[in-house]
Amino acid sequence: GAGVSQSPSNKVTEKGKDVELRCDPISGHTALYWYRQRLGQGLEFLIYFQGNSAPDKSGLPSDRFSAERTGESVSTLTIQRTQQEDSAVYLCASSLGGTTYEQYFGPGTRLTVT
Amino acid sequence: QKEVEQNSGPLSVPEGAIASLNCTYSDRVSQSFFWYRQYSGKSPELIMSIYSNGDKEDGRFTAQLNKASQYVSLLIRDSQPSDSATYLCAVSGTYKYIFGTGTRLKVLA
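Residue numbers (this note's numbering), protein chains in the order written: chain H, 1 to 114; chain W, 1 to 109.
What the hints contain is simulated information worked out from the structure, not anything from laboratory work. Take these hints with a grain of salt, some might be off.
[To be verified] Straight line, CA to CA, 30 Å or less: simulated DSSO-like cross-link-like pairs of lysine-lysine: (1) W/Lys67 to H/Lys11; (2) H/Lys17 to W/Lys42; (3) W/Lys56 to W/Lys67; (4) W/Lys96 to H/Lys11; (5) W/Lys96 to W/Lys67; (6) H/Lys17 to H/Lys57; (7) W/Lys42 to H/Lys57; (8) W/Lys96 to H/Lys57; (9) H/Lys15 to W/Lys42.
Please construct the entire structure, taking both the sequences and the accompanying hints into account.
The following block contains the structure:
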């Protein structure tokens, strides 16, 4: 079946502009995660959605970052007034939910802020 | 102390050898453990999950979990150059997954 998809695959933006990144999870997956991975670094948790519960936003680095999810489908991550330090690969993952289900990652969006 | 620790490597092994990748974690209530492979420029790909103490085998891969020692490992038998990648250990106690920074494996032909 279809895996997690993300768009765009690459985004180059000027400092100060807003960007919106999209994630389509695997059908039937109730849990959705966003991560950031800077070049040569590990995965940094950003936000978690589980069904209709309130999301865990504890990993969002600043109030310039926000994310939404409509039900158990598409999610968008928005970065306002982008800064050069926002340059990274943004990864989305989905899982069936709970703690014993594996996460499956999308291909990521490579964001470059010039 | 990092929550999930891995040796960054690189770990170099000759083709055909066994590669042993190790991971320690600090949260004793962790319940679920995962190994991911990440090729350069690509996203992480799930290799194995393990939830109970002991060994779990899948093809050339064996995951080993020791909750008392808070230790999880991944063995890759008959290593191939195509196994050259960064291997990420992930641990979950609740819904949040904590990833290690990964071990870079180089399999030498």
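Results for each hint:
1. For the suggested pair W/Lys67 and H/Lys11, the alpha carbons sit about 42 Å apart, so the restraint of at most 30 Å is broken.
2. This hinted pair checks out: H/Lys17 and W/Lys42 have alpha carbons roughly 26 Å apart, not beyond 30 Å.
3. Taken as a hint, the W/Lys56 and W/Lys67 pair is honoured in the structure, with Cα atoms around 14 Å apart against an allowance of 30 Å.
4. Our distance criterion of 30 Å between C-alpha atoms is met by W/Lys96 and H/Lys11, whose separation comes to about 28 Å.
5. Taking the CA atoms of W/Lys96 and W/Lys67, the gap is about 18 Å. The hint holds against a cut of 30 Å.
6. For the given pair, H/Lys17 sits about 22 Å from H/Lys57 by alpha-carbon distance, which is consistent with the 30 Å threshold.
7. For the given pair, W/Lys42 sits about 25 Å from H/Lys57 by alpha-carbon distance, which is consistent with the 30 Å threshold.
8. For the hint linking W/Lys96 to H/Lys57, the alpha-carbon distance of about 11 Å falls within 30 Å, and the restraint holds.
9. Taking the CA atoms of H/Lys15 and W/Lys42, the gap is near 25 Å; set against the 30 Å cutoff, the hint holds.
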